[in-house]
Amino acid sequence: MTQATATSIPPATLAPAPRANVWRSILDTLTIPVLAIFTALVASGLIIAFTAPTVLELLPTFFQQPGVVLGTMWNTVITAYLALFQGAFGDWGAILQAVQTWSSTGDATELWRALRDPFESLVAATPYIFTGLAVAVGFKGGLFNIGVEGQLFAGAIASAWLGFAIDGLPWFIHLPLALFGGIAAGAVWAGIAGLLKATRGVNEVINTIMLNYIMFLLTDWLLSDGGPLRGSAGAPRTPEIYPTAYLPRLLPDPVRFHWGFFLAIGAVFFVYWFLWKTTIGFEVRTVGASPTAAKYAGIAVGRVIVLTMALSGSLAGLGGANELLGLNHYMVAAFSPGYGFDAIALALLGKSNPFGVLASALLFGALRNGATRMQSVASVPVDIISVMQAMIIAFIAAPEIVRWIYRLRAPAQQEREVFARGWGG
Amino acid sequence: MPPILELRGITKRFPGVLANDHIDLTLNQGEIHALLGENGAGKSTLMNVLYGLYHPDEGEILIRDKPAHITGPRDAIAQGIGMVHQHFMLIPVFTVTENVMLGDESITNGVVLDRKKVAQEIRDLSVRYGLEVNPDLYIKDLSVGIQQRVEIIKLLYRKADILILDEPTAVLTPQEADDLFQVLRNLKAQGNSIIFITHKLREVLELADRITVLRLGKVVGSADPKSTNSAELARMMVGRSVILSVDKAPAQPKEVVLKVEHLTVRDPRAGDAVNDISFEVRAGEVLGIAGVQGNGQTELAQALTGLRAVESGRVTILGHDTTHATPRQLFELDVAHVPEDRQQDGLVLSFPVEDNLVLNEYYRPPFAQGISLNFKEIERAAAERLKEYDIRTPSIFVKTANLSGGNQQKVIVAREFTGPIKLLIASQPTRGLDVGSIEYIHNRIIEKRDAGTAVLLISNELDEIMSLSDRIAVMYKGRIIDTVNAAEATKEALGLLMAGVQQDAAHAPEISPELKTEMQDEIA
Chain L
1 MTQATATSIP PATLAPAPRA NVWRSILDTL TIPVLAIFTA LVASGLIIAF TAPTVLELLP
61 TFFQQPGVVL GTMWNTVITA YLALFQGAFG DWGAILQAVQ TWSSTGDATE LWRALRDPFE
121 SLVAATPYIF TGLAVAVGFK GGLFNIGVEG QLFAGAIASA WLGFAIDGLP WFIHLPLALF
181 GGIAAGAVWA GIAGLLKATR GVNEVINTIM LNYIMFLLTD WLLSDGGPLR GSAGAPRTPE
241 IYPTAYLPRL LPDPVRFHWG FFLAIGAVFF VYWFLWKTTI GFEVRTVGAS PTAAKYAGIA
301 VGRVIVLTMA LSGSLAGLGG ANELLGLNHY MVAAFSPGYG FDAIALALLG KSNPFGVLAS
361 ALLFGALRNG ATRMQSVASV PVDIISVMQA MIIAFIAAPE IVRWIYRLRA PAQQEREVFA
421 RGWGG
Chain S
1 MPPILELRGI TKRFPGVLAN DHIDLTLNQG EIHALLGENG AGKSTLMNVL YGLYHPDEGE
61 ILIRDKPAHI TGPRDAIAQG IGMVHQHFML IPVFTVTENV MLGDESITNG VVLDRKKVAQ
121 EIRDLSVRYG LEVNPDLYIK DLSVGIQQRV EIIKLLYRKA DILILDEPTA VLTPQEADDL
181 FQVLRNLKAQ GNSIIFITHK LREVLELADR ITVLRLGKVV GSADPKSTNS AELARMMVGR
241 SVILSVDKAP AQPKEVVLKV EHLTVRDPRA GDAVNDISFE VRAGEVLGIA GVQGNGQTEL
301 AQALTGLRAV ESGRVTILGH DTTHATPRQL FELDVAHVPE DRQQDGLVLS FPVEDNLVLN
361 EYYRPPFAQG ISLNFKEIER AAAERLKEYD IRTPSIFVKT ANLSGGNQQK VIVAREFTGP
421 IKLLIASQPT RGLDVGSIEY IHNRIIEKRD AGTAVLLISN ELDEIMSLSD RIAVMYKGRI
481 IDTVNAAEAT KEALGLLMAG VQQDAAHAPE ISPELKTEMQ DEIA
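If you read the sequences in order, they're chains L and S.
Each residue of the first sequence is one higher than the last, beginning at 1 in our numbering.
Each residue of the second sequence is one higher than the last, beginning at 1 in our numbering.
FYI, nobody ran anything at the bench for these hints, they're computed from the structure.
Even glycine gets a Cβ: it sits at the ideal position worked out from N, Cα and C.
Don't take each hint at face value.
What the hints assert, rightly or not - For each label pair, taking beta carbons as the anchor points, the in silico distance ranges come out as:
1) PRO15/S - VAL382/L: 44 to 52 Å
2) ASP104/S - GLY266/L: 55 to 63 Å
3) ARG24/L - MET1/S: 46 to 54 Å
4) PRO243/L - GLU377/S: 34 to 42 Å
5) GLY9/S - ARG24/L: 25 to 33 Å
6) GLU105/S - VAL202/L: 53 to 61 Å
7) PHE94/S - ARG407/L: 50 to 58 Å
8) LYS117/S - ASN75/L: 39 to 47 Å
9) SER372/S - LEU30/L: 25 to 33 Å
10) HIS69/S - ARG24/L: 25 to 33 Å
Said to hold, decoys possible - Simulated crosslink set (EDC-like; lysine to aspartate or glutamate; CA at most 16 Å straight-line):
11) LYS259/S - ASP276/S
12) LYS226/S - GLU255/S
13) LYS159/S - ASP209/S
14) LYS200/S - GLU361/S
15) LYS295/L - GLU332/S
16) LYS117/S - ASP136/S
17) LYS218/S - GLU203/S
18) LYS295/L - GLU361/S
19) LYS248/S - ASP450/S
20) LYS188/S - ASP161/S
21) LYS116/S - GLU105/S
22) LYS277/L - GLU377/S
23) LYS295/L - ASP276/S
24) LYS277/L - GLU379/S
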């Protein structure tokens, strides 16, 4: 029988800090999303090819002239995607030409026209960033905020009202006031759902959906004929806000790029700092991960739920204010094409990480913006972008499909983690 | 006769650790071979290698004298190896038959599932091995013990004759464990070979034909259960002599720390869970609360620690009225709490170990300045606690879910025992842990007592109560029916109290049959 001497493992010697291999882990994290996007592009390409009228016409003759049919399909897809990418990232040929015109004649009109598209992608991404962050903050706190769309409306209405109802303020007071109005309105609207959940245990999913309806109908009423916020014009909309409340544009017409984008980037860093570097953020994440453990640890769970919802709503509200003060300058009933709902997918895509949300929002913004050009140049319906987004999300939600397609091995991470469990018994 | 299964020089390395170091193991046909070792000794890693979940860095596996290349569970099953995991892989809303045929469906006419045939096969297996499983019942309606048998049937149905059971008794009551042992003996008698992984000494001695002991990834020896004993096995497992009973000096009780007066706690489902209880715990003593599970101990602990509302009565800690205090207020009064359900209440499993080590203290200096967290301090304190409490984890950044139960409990103990604690409320502090961890935690509790902490210990393990407590209060149906001096208490007397029988009472109540069995389990 073996009689070994007492040796326990000194844990310190077993601790190679796993934070060292940051690049490796970033690479691991990015593999799946990048491949998912690529796969979705290929699959959408097939859909475009098989739905284009020119291709459908030729398809019965496939066996007589396969080369021609395949060539047409290829051309259709290439034309569509070229338009998509030029719409999203700019037509760099045109931009270079415009630069030449500008340097030789001093006329920059062409240049700004050419630069409109790439900047428009950022403009389109901005509301996605805000709403995506709003959903992500909720997820981190264990709350499913489906009411982002309504909170976005709340923020937009509040900032519109502050924008047109008060005259004579200098911009450095009027603009922040309108922005804060949007933040506050979003926070209050979401806070109601949080309060109901914390005090009465009402599920926030039901709550926020109902609050959405209330907000949409409230908007309709406010803007209806004779409604309190109805502008004098014939259309159902508010009066235009005063220019002192505008989020200033940074570049000449027709580039619509405005300060809101930088507010959004600021919000990304703020959310990151808040969630991971502050005690309150720690509480939010603890409640999200385990409410029972949070209670045990002395965290006032109810208060944190209200706070999380309010923060989530304030981001959505700021998003609404930002769109209104930066672009529309007045409130309409069809204010948003569904930013608050797309944001749920977006937060999932970004794994509820603020920087992940930023990346996904930039992608969605670029796709949405490029789609407009794709429709006008290649007559491919804008809806194909929704299909593409849906596929990207499906592939990311089911990474096994992507791994199977590309014959990837499960990440080494997995074996390491299982081991740590096994090692502990 | 050659062994049915042979492992030769199996080595498995993980970053920073040698989990299995040249392990040799043989399994003969028709034997029960116990693999004994502390949590973290490498038992599960070895079995995962055998089951094809890990690929060994060195070494080979021979099955029936032929080299085998196992690349996954499917291969393992094809070779006749089956494994029952600690956590079952069953679908609750499916019947036993459906679960058994899942992944290996028996089909007639091309598409129709042949449930009848499979059900008949299950009945046959059930009769043959004395499993007593009804194939038509839904999994969700079965007890844990029967569910485990369904897992065994799944393997037998797939013609496995080498069975691996990973800590099978961890989830069972003592009675269910005894039944399982009978099943395993039947399986053995009919020629099956079994590897039984455990850290419980009693089970090994009772069941195994051969014992192999692992420590720190190496085989440290083997033993014959007929000629060895608990103390010797424990020494091999831990690497030093283990004192199976706690060595402690007589208590030096001082001032009253916790005072409970006429406390009543209501459980919405079951009326008064705690009914008019009064007691005191003094600095420097351990008051043990004994009782059969479900007699109000859980609710008492929750009420005292601010997790459950108090209906009536009064709780005072060092002169402060804490009847309705929040967990945070209690923490500020230097009250430590080891919760009964460590995974639900005590830890956030998805957080790294460092966060869990400061889970109740994150909000105040030195870990926070204003609202901003000071990670340098958190990491420093975490590393220190890791070392002091010998928590086995590759680093403080590992997710807590990936630690073993024993190490998870040590994380809680490290967090709760740090600092000058005045009152310690420990609920089931060693449930499910191995000998080494139990000894460690017991010693820490006594250390705290000797340093002047008042300890309220709540446990279903009568042995634990008797070895740690200075006084023992017995709870029965929400009341404390008696408090006795630990030095004078006997198992038999406590067992009677736990069943609700007061010795001096003139009219002792009748004892129901279930209570009697529960009582006997506790005494055993």
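Pair hint LYS259/S and ASP276/S, alpha-carbon separation not exceeding 16 Å
holds, 13 Å
Cβ-Cβ distance between SER372/S and LEU30/L: within 25 to 33 Å?
holds, 30 Å
Is the Cα-Cα distance between LYS295/L and GLU361/S 16 Å or less?
holds, 13 Å
Between LYS295/L and GLU332/S, is the straight-line Cα distance small enough, at 16 Å or below?
Distance of about 15 Å is within 16 Å: holds.
Would the pair LYS295/L and ASP276/S pass a check requiring their Cα atoms to be no farther apart than 16 Å?
Measuring from Cα to Cα gives roughly 26 Å; hence the hint is violated.
Hint consistency between LYS226/S and GLU255/S [alpha-carbon to alpha-carbon, up to 16 Å]
violated, 51 Å
Between GLU105/S and VAL202/L, does the C-beta distance stay in 53 to 61 Å?
About 44 Å separates the Cβ atoms of GLU105/S and VAL202/L, which means 53 to 61 Å is violated.
Is the distance from the Cβ of PRO243/L to the Cβ of GLU377/S consistent with 34 to 42 Å?
Violated, since PRO243/L and GLU377/S (Cβ atoms, about 50 Å apart) do not stay within the stated range.
Decide if the proposed pair is consistent with the structure: LYS277/L and GLU379/S, CA atoms, cutoff 16 Å inclusive.
holds, 14 Å
Outcome for the supplied range 44 to 52 Å, where the beta carbon pair is PRO15/S and VAL382/L
At 49 Å between Cβs, range holds.
Regarding GLY9/S and ARG24/L, is the given constraint of 25 to 33 Å on their beta-carbon distance met?
With a Cβ separation near 31 Å, GLY9/S and ARG24/L satisfy 25 to 33 Å, so the hint holds.
16 Å limit on alpha-carbon distance, applied to hinted pair LYS116/S and GLU105/S:
holds, 12 Å
Checked against the numbered hints given earlier, the structure breaks hints 4, 6, 7, 8, 12, 13, 14, 17, 23 and satisfies all the rest.
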